[in-house]
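Chemist: Residue numbers (the UniProt record's numbering): 1 to 185.
The hints are simulated quantities; they were obtained by calculation from the structure and are not laboratory data.
Keep in mind that a hint or two might mislead.
The calculated PhoX-like cross-link candidates involving lysine-lysine, where the alpha carbons are at most 25 Å apart (straight line), are [stated by the list, open to error]:
#1 K67 x K16
#2 K180 x K2
#3 K16 x K70
Simulated restraints, written as ranges between beta carbons of each label pair [as the list claims (entries may be wrong)]:
#4 L62 x R105: 15 to 23 Å
#5 D78 x Q145: 32 to 40 Å
#6 L62 x P185: 36 to 44 Å
Computed from a predicted model, the values in this text were never measured in an experiment.
Positions of the beta carbon are idealized from the N, C-alpha and C atoms, including for glycine.
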Amino acid sequence: VKLGLIADTHIPGTTKTLWPQIVHAFSEVDGILHAGDLWTVDVIDELAQLAPTHVATGNGDLELTDKRLKETWQLQFDNVTVGLVHEFPTARRRAADYLMRRRNRLFRAPLPNVIVYGHTHYDEIHLVDQLMCVNPGSPTLPRNQDLRHGTIGFLEIEGRRATATISQITSDGIETIHEKTTEFP
1 VKLGLIADTH IPGTTKTLWP QIVHAFSEVD GILHAGDLWT VDVIDELAQL APTHVATGNG
61 DLELTDKRLK ETWQLQFDNV TVGLVHEFPT ARRRAADYLM RRRNRLFRAP LPNVIVYGHT
121 HYDEIHLVDQ LMCVNPGSPT LPRNQDLRHG TIGFLEIEGR RATATISQIT SDGIETIHEK
181 TTEFP
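Build out the structure end to end from the sequences listed, making use of the hints.
Modeler: As structure tokens, this is what we get:
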């Protein structure tokens, strides 16, 4: 299973539609996870034309009323449980026990092996006590900078193995900049 990961698109505040490089990159995925702050349901419509799409409600989406938006999603792919949420603490700033307590409050059993989140606009992948935390960053406002090409992510799952990838959007397409793989017990 190959999933496209995206967050913090902020459309139409940034651009009118997704960058064409995103559409091309996500054209061959099995599903898309958007970690919130899309600002318009048009983004869901655009992504859903490419693959089944799940969207977490971001703090900038509170005015949107669409049944396709949920605070959290808990999804099963092969033998890996994936949690999708907008805000989640980063392992750069919080201890492992704090991350686990937060996961346990947000999700139910079986608890996620992978959490996909957004909000910070910082792309990162962390492995913390058998929990993979993935923030694909923002394709339009990376690191909360001016409008420019940012990042998206991918999550490939096979059995109990997960590989997370962060890709930089370029004028010609995308380039992998980070990748981590783990096998869950």
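Chemist: Between the alpha carbons of K67 and K16, is the straight-line distance 25 Å or under?
Modeler: holds, 23 Å
Chemist: The hint says 15 to 23 Å between L62 and R105; measuring C-beta to C-beta, is that right?
Modeler: holds, 20 Å
Chemist: Does the alpha-carbon distance linking K180 and K2 stay inside the 25 Å limit?
Modeler: holds, 15 Å
Chemist: That 32 to 40 Å hint for D78 and Q145 (C-beta), does it hold up?
Modeler: 36 Å Cβ-Cβ, so the 32 to 40 Å window holds.
Chemist: Quickly compare the C-alpha distance for K16 and K70 to 25 Å and report which way the hint goes.
Modeler: holds, 23 Å
Chemist: Kindly confirm whether 36 to 44 Å is satisfied by the beta carbon distance between L62 and P185.
Modeler: holds, 38 Å
The structure shown violates none of the earlier numbered hints.
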